[in-house]
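Residue numbers (our numbering), protein chains in the order written: chain P, 382 to 662; chain C, 382 to 662.
When chains are identical, the list treats them as one kind, so a pair holds in a single copy or across two.
Under the rule of at most 27 Å between Cα atoms (straight-line distance), these lysine-lysine pairs were calculated in the DSS-like manner:
1) K431 x K560
2) K560 x K571
3) K647 x K615
4) K413 x K560
5) K560 x K390
6) K467 x K383
7) K571 x K413
8) K383 x K571
Quick caveat, the hints were computed from the structure, so don't treat them as lab data. Just so it is clear, the structure is predicted and the values come from calculations on it, not from any experiment.
Number of protein chains: 2
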Amino acid sequence: MKLTSEQLKRFDEQGYLFFPNYFSAEETAILKASVPEVFAQRREENVREKTGDVVRTAFAVHTYHPVFEALIHHPRFVEPAEQLLKDKTYIHQFKINGKAAFDGDVWQWHQDYGTWRADDDMPEARAMNVAIFLDDVNEFNGPLMFIPGSHTLGVLDAEHDTSTTSYPLWVINHTTIRKLVDRGGIVAPKGPAGSMILFHGCLVHASTSNLSPWDRVSVYLSLCAVSNHIRRFKRPGYIAHRDFTPIECLPDDCLLRHYDVALPWKNGTPAGELQGALQVA
Amino acid sequence: MKLTSEQLKRFDEQGYLFFPNYFSAEETAILKASVPEVFAQRREENVREKTGDVVRTAFAVHTYHPVFEALIHHPRFVEPAEQLLKDKTYIHQFKINGKAAFDGDVWQWHQDYGTWRADDDMPEARAMNVAIFLDDVNEFNGPLMFIPGSHTLGVLDAEHDTSTTSYPLWVINHTTIRKLVDRGGIVAPKGPAGSMILFHGCLVHASTSNLSPWDRVSVYLSLCAVSNHIRRFKRPGYIAHRDFTPIECLPDDCLLRHYDVALPWKNGTPAGELQGALQVA
Numbered sequence: 382m383k384l385t386s387e388q389l390k391r392f393d394e395q396g397y398l399f400f401p402n403y404f405s406a407e408e409t410a411i412l413k414a415s416v417p418e419v420f421a422q423r424r425e426e427n428v429r430e431k432t433g434d435v436v437r438t439a440f441a442v443h444t445y446h447p448v449f450e451a452l453i454h455h456p457r458f459v460e461p462a463e464q465l466l467k468d469k470t471y472i473h474q475f476k477i478n479g480k481a482a483f484d485g486d487v488w489q490w491h492q493d494y495g496t497w498r499a500d501d502d503m504p505e506a507r508a509m510n511v512a513i514f515l516d517d518v519n520e521f522n523g524p525l526m527f528i529p530g531s532h533t534l535g536v537l538d539a540e541h542d543t544s545t546t547s548y549p550l551w552v553i554n555h556t557t558i559r560k561l562v563d564r565g566g567i568v569a570p571k572g573p574a575g576s577m578i579l580f581h582g583c584l585v586h587a588s589t590s591n592l593s594p595w596d597r598v599s600v601y602l603s604l605c606a607v608s609n610h611i612r613r614f615k616r617p618g619y620i621a622h623r624d625f626t627p628i629e630c631l632p633d634d635c636l637l638r639h640y641d642v643a644l645p646w647k648n649g650t651p652a653g654e655l656q657g658a659l660q661v662a
Numbered sequence: 382m383k384l385t386s387e388q389l390k391r392f393d394e395q396g397y398l399f400f401p402n403y404f405s406a407e408e409t410a411i412l413k414a415s416v417p418e419v420f421a422q423r424r425e426e427n428v429r430e431k432t433g434d435v436v437r438t439a440f441a442v443h444t445y446h447p448v449f450e451a452l453i454h455h456p457r458f459v460e461p462a463e464q465l466l467k468d469k470t471y472i473h474q475f476k477i478n479g480k481a482a483f484d485g486d487v488w489q490w491h492q493d494y495g496t497w498r499a500d501d502d503m504p505e506a507r508a509m510n511v512a513i514f515l516d517d518v519n520e521f522n523g524p525l526m527f528i529p530g531s532h533t534l535g536v537l538d539a540e541h542d543t544s545t546t547s548y549p550l551w552v553i554n555h556t557t558i559r560k561l562v563d564r565g566g567i568v569a570p571k572g573p574a575g576s577m578i579l580f581h582g583c584l585v586h587a588s589t590s591n592l593s594p595w596d597r598v599s600v601y602l603s604l605c606a607v608s609n610h611i612r613r614f615k616r617p618g619y620i621a622h623r624d625f626t627p628i629e630c631l632p633d634d635c636l637l638r639h640y641d642v643a644l645p646w647k648n649g650t651p652a653g654e655l656q657g658a659l660q661v662a
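Build out the structure end to end from the sequences listed, making use of the hints.
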């Protein structure tokens with residue numbers, strides 16, 4: 382599972398790599414079948430949309446669900462991430478984003494590393510995102526939009542938006558977005574369920590609302606270089622993990638066969654992980 | 382400016398016709414240049430978005446602006462509309478929709494004729510829409526989405542949504558949309574400024590929010606068969622016009638050369654047109 386030099390070059394220039402049909406239909410079906418039981422849970426980790434009783438984001442699912450715990454050990458993205466980050470990695474954030482049919486709301490233009498630095502004191506942008514499509518993604522169900530090359534500018538100024546959606550976000554102002562788009566345009570990778578995107582922690586991205594009757598569920602993993610772990614626990618542990626244990630890969634069939642995995646929160650989320658441990662004024 | 386039998390057949394089946402590059406760059410530039418002075422006005426006819434001091438819809442612009450008054454006499458859509466509706470037509474509604482970069486909000490799934498019947502007591506669906514692009518429309522700036530063939534089902538049940546956006550709308554429920562999309566899919570015609578869409582008053586349509594840095598300004602004209610004029614003045618006259626005078630075409634160069642046109646509201650909107658004349662419980 383090594384990236385080619387051509388892929389490494391493209392990642393460097395564009396800030397992302399798209400792998401259509403990367404997980405098989407069988408693997409994707411196993412992941413997808415586990416989503417309803419996750420979304421049905423009433424727990425703090427499940428953030429709901431402003432409108433409708435519909436899950437926007439389910440955090441930290443790998444801590445209690447065996448299928449998603451197996452997923453995070455998958456060599457098909459752990460090895461490329463190690464290669465790009467030149468280090469072992471740990472899970473900084475795990476989420477399943479619903480982007481539900483009709484109710485899925487926007488994510489405004491942002492960089493993930495902006496938040497990781499501002500809130501979590503992550504030293505460098507040596508962390509990246511993995512998006513795995515659990516539904517077909519088309520132009521109508523709110524695909525991820527990227528501004529290619531925007532990751533090369535490092536951390537951009539951002540403002541904390543706590544009102545637009547149900548989840549607060551550090552968003553980038555309009556003037557900056559105009560400049561970035563003039564330079565790099567906008568792309569929105571589309572493809573069948575099972576496709577995967579790797580993207581840089583500084584790549585500026587957004588997604589529109591989903592007015593279509595098609596859900597657009599995706600798993601988002603943020604993998605951080607172990608040597609670059611966060612220094613501040615301002616956010617709850619289920620949003621910004623405090624366990625920096627390097628991920629060891631399972632075999633490539635880890636979604637199809639049973640492997641024993643640890644499920645530390647399977648009997649409930651520890652109280653200390655539900656809140657910030659360090660309040661900042 | 383006659384539609385071919387092939388076009389008439391397609392309109393019957395799909396509920397819309399798309400004409401890319403229908404107005405020249407020069408004509409489109411003239412229309413586009415007049416928009417800022419319209420949007421800058423503080424008048425009741427200009428409905429602003431919930432977020433940002435940005436115009437969502439400017440109604441009745443043809444009553445006071447010579448360029449847009451000339452536009453409504455254009456044979457390139459008046460003649461096709463007369464052909465499709467088998468009657469002379471009048472302007473039932475005129476609007477410029479901003480769908481502004483960053484702030485342009487969604488329009489949920491709806492049929493225009495549903496509102497025209499429920500609120501305005503328009504007897505039959507013998508009215509149609511003309512959308513003229515004043516900006517390039519692409520997948521990122523909130524294009525109009527249609528469910529092809531949905532017009533053949535007549536008026537569908539709808540609920541009055543007064544909360545989602547800044548403009549109330551009769552919206553169609555999710556179950557119905559699922560069925561319609563299973564049957565007909567979704568299309569979103571895209572093309573350069575100057576393109577035009579003709580669509581049936583019962584065609585179900587929507588548009589997502591515009592997160593891109595590109596405005597997507599369009600003119601929307603609703604032309605009603607004169608014999609099918611509205612019977613109830615519940616809504617203000619600037620939203621549902623009460624002047625049923627048949628449109629007479631100007632020559633094809635009416636955007637490029639000066640023709641004298643009447644501007645009945647050029648000195649201000651008559652008080653009686655700013656409110657509903659018939660309150661319904």
